[in-house]
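S.K.: Starting from the given sequences, assemble the full structure and let the hints guide the process.
Positions in the sequence shown are counted from 1; adding 1039 to them yields the numbering used here.
Hints are computed from structural coordinates only; laboratory data are not their basis.
Just so you know, not all the hints are guaranteed correct.
Unchecked claim - In silico DSSO-like cross-links for lysine-lysine, where the CA-CA straight-line distance does not exceed 30 Å: (1) K1145 x K1076; (2) K1158 x K1106; (3) K1145 x K1128; (4) K1128 x K1115; (5) K1086 x K1145; (6) K1044 x K1056; (7) K1158 x K1109; (8) K1086 x K1076; (9) K1086 x K1115; (10) K1158 x K1086.
Unchecked claim - Simulated restraints, written as ranges between beta carbons of each label pair: (11) R1073 x D1130: 16 to 26 Å; (12) K1128 x E1084: 34 to 44 Å; (13) H1065 x P1146: 12 to 22 Å; (14) G1066 x G1129: 31 to 41 Å; (15) K1109 x K1044: 26 to 36 Å; (16) E1080 x G1129: 26 to 36 Å.
All of these numbers come straight from a predicted model, not from anything done at the bench.
Cβ atoms here follow ideal geometry from the backbone N, Cα and C, with glycine treated the same way.
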Amino acid sequence: MENSKVLIVEDNELNMKLFHDLLEAHGVDTVETRDGKEVLELAREHKPDLILMDIQLPEISGLDVTKNLKADDELKDIPVIAVTAFAMKGDEQKIREGGCEDYISKPISVTHFLEVIQKYIHTNALKTG
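M.R.: The following block contains the structure:
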């Protein structure tokens, strides 16, 4: 995972810090925003290997942001992992239909979190590298 970059889209301060600290401890650079409206611009500027997307953002749904990313030719191949507290039956399908490659439920399991991140960073590096 070293030398990778992840864009974290999360409005909760504690979750943002947790995700940042876990990724940084594994050699991953992070770009962070609490504002879903900044995501496309930040993704173009920083070209992340992966985007962690909170689904419940204050002003715009994380699924709407993901749909915008997937509709953009320059950004559509960046894997998006949804992070949600609402992972009930049927939600996984809605999240995948929204364009996310996978999802992580809150509260997170550190081991599962890192496994999912590593899986998609590795897969994306093979595609682009």
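S.K.: Going through the numbered hints above, which ones does this structure break? Give me the numbers in ascending order.
M.R.: Violated: hint 15 alone.
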